[in-house]
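Trainee: Here is what each chain is made of, one letter per residue.
There are 2 protein chains.
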Amino acid sequence: MERSQIHRVSVADQVAGILRQKVLRGEFRPGTSLQEIPLAEELGVSRNTMREAMRILSLEGLLKRSINRGIAVAQLSLKDVHEIYHVRRVLEISAVHAAKKPAPDLLREIRAALEEYEDAVRASDWVSAVSHDLHFHSLLIRFLGNRRIESFYQKTIGELRMGMVLVDRRHDRPDILVPAHRKLYQLLTAGKRKECAAVLARHLDDSESRLSRVMDSHESARVADAAVPKSKRSVRPTARVHD
Amino acid sequence: MERSQIHRVSVADQVAGILRQKVLRGEFRPGTSLQEIPLAEELGVSRNTMREAMRILSLEGLLKRSINRGIAVAQLSLKDVHEIYHVRRVLEISAVHAAKKPAPDLLREIRAALEEYEDAVRASDWVSAVSHDLHFHSLLIRFLGNRRIESFYQKTIGELRMGMVLVDRRHDRPDILVPAHRKLYQLLTAGKRKECAAVLARHLDDSESRLSRVMDSHESARVADAAVPKSKRSVRPTARVHD
DNA sequence: AATTTGTCAAGTGTTCAACAATGTAGACGT
DNA sequence: ACGTCTACATTGTTGAACACTTGACAAATT
Chain G
455 MERSQIHRVS VADQVAGILR QKVLRGEFRP GTSLQEIPLA EELGVSRNTM
505 REAMRILSLE GLLKRSINRG IAVAQLSLKD VHEIYHVRRV LEISAVHAAK
555 KPAPDLLREI RAALEEYEDA VRASDWVSAV SHDLHFHSLL IRFLGNRRIE
605 SFYQKTIGEL RMGMVLVDRR HDRPDILVPA HRKLYQLLTA GKRKECAAVL
655 ARHLDDSESR LSRVMDSHES ARVADAAVPK SKRSVRPTAR VHD
Chain S
455 MERSQIHRVS VADQVAGILR QKVLRGEFRP GTSLQEIPLA EELGVSRNTM
505 REAMRILSLE GLLKRSINRG IAVAQLSLKD VHEIYHVRRV LEISAVHAAK
555 KPAPDLLREI RAALEEYEDA VRASDWVSAV SHDLHFHSLL IRFLGNRRIE
605 SFYQKTIGEL RMGMVLVDRR HDRPDILVPA HRKLYQLLTA GKRKECAAVL
655 ARHLDDSESR LSRVMDSHES ARVADAAVPK SKRSVRPTAR VHD
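Chains G and S supply the protein sequences, listed in that same order.
Residue numbering for the first sequence follows our numbering, beginning at 455 and increasing consecutively.
Residue numbering for the second sequence follows our numbering, beginning at 455 and increasing consecutively.
In short, the hints are calculated from the structure, not lab data.
Small disclaimer: the values here were computed from a predicted structure and weren't measured.
Treat the hints with caution; some may be incorrect.
To be verified - Listed below are the simulated EDC-like cross-link pairs for lysine to aspartate or glutamate, each with C-alpha atoms no more than 16 Å apart in a straight line: (1) G/K609 <-> S/E604; (2) S/K637 <-> S/E569; (3) G/K609 <-> G/E495; (4) G/K637 <-> G/E572; (5) S/K609 <-> G/E572; (6) S/K637 <-> S/E649; (7) S/K637 <-> S/E604; (8) S/K554 <-> S/E649; (9) S/K609 <-> G/E514; (10) G/K609 <-> G/E563; (11) G/K476 <-> G/D534; (12) G/K609 <-> S/E514.
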């Protein structure tokens, strides 16, 4: 018996976790509306608990509520992507600057993430590659040693990930970003923080414009699709939204 | 008829707003436990709505839930204060650096906040002074022009404010911090961002150590108080907590 | 034909009442 | 004083009900 924390979490939290995974893995596509009753029945919980779970996710930014009209999976706009990358720049660069004498354990973890990332790329497993890429960056944030910043970063990255699973991977080539990561790790261990920050800034700019380009083409395709009058869309793109 | 947005928000959100105010104004002291049924009846809403409202606030960090034991107003530790000031340093300094050519409207708002702050200090209205002080800093964040960062900052400041209302104002002298703010504004309008950032960093350090000192004395007083066996405490300070 | 109005079903927002699961406090015996 | 047990209080969860909005379609109007 080696459980430091007994596994006691509320059902609502568990449901929120399940939904979160489904959203982040792309099982629920952005824009699709989630209805309380069917989902609650599907997971075998009551409507109230499902509401609580959805409330959690909407506060995390993964779901958008529009009052009396229901809840839908959040849809990232280009502006959102820009904003999220701005967040990343501010936090990750601060983190790198804070890595004056980094903990060896953390550096080891970063190295591990890097290797897994490279493995995934070699195996052409893009989904896994994206995951390890983001994990690499999440580890950088740990240099700040700040729980609040970490959870904010994590939440923000979650939104980004949701936007990334959508994109058709054939349109992007994650392997190109590998050398940048290797360089980052190298500069970090060498203690060249300033240079590392500069490389990181360029890398994030590059990554952002890459994603923006892909999303832009998708966006225009989606809009063109919507122009066809027949298609009944379940969710209005310009709904008043709160939360 | 000149209502741009008809006042349509869910009851749960309104309740959350009311509770938020009460917590931030110090009507609910940190550590006090909030019970669902009495509070729900007091505001004339059902228990479920109250639960939703409390869920919102606990995700904001103002309330702490410990499963099956209830919800209590969050209590800032010295470590929390340190972490929050760390967040402030990272974000506010980034913001000042981003103020290359600041919007004139924003500068005007900052000036207004500064003057209100000074007025409050002259009137010895400490509560109002703290409020305007924090508002001044919130406006700095706007230089980043990033909704996500702003709401994160706002949430963090909320936690801090909750901790500040508790401290007996006689132990601190907010007036001392006025010149620093004036200097910040002055450097900002002069476009001396680097220097402004330096002053800001010092100011935040000063502010943190000031609050820490006051809280430390309170803390020890509180602990000593708790040592008296008779006093029935409604909430255990070391409860396992989630959310 | 185009616009307006009425109707209706579906879904959310909210309430209520109950029960189960858990934690709390006091009584009890040792 | 120390644990154990029991009764009570509170939270967690469920299920059902009702009021209101919304969106879509049909009917009525111009």
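Trainee: Hint by hint, note whether the structure agrees.
Mentor: A quick look at each hint next to the structure:
1. G/K609 <-> S/E604: Holds, at about 14 Å.
2. S/K637 <-> S/E569: holds, 13 Å
3. G/K609 <-> G/E495: violated, 28 Å
4. G/K637 <-> G/E572: holds, 13 Å
5. S/K609 <-> G/E572: The given pair, whose Cα atoms are some 37 Å apart, is violated under the 16 Å limit.
6. S/K637 <-> S/E649: holds, 10 Å
7. S/K637 <-> S/E604: Measuring from Cα to Cα gives roughly 23 Å; hence the hint is violated.
8. S/K554 <-> S/E649: holds, 13 Å
9. S/K609 <-> G/E514: The hint holds at about 13 Å.
10. G/K609 <-> G/E563: At roughly 21 Å apart (the allowed maximum being 16 Å), G/E563 and G/K609 break the hint.
11. G/K476 <-> G/D534: The given pair, whose Cα atoms are some 21 Å apart, is violated under the 16 Å limit.
12. G/K609 <-> S/E514: Measuring from Cα to Cα gives roughly 13 Å; hence the hint holds.
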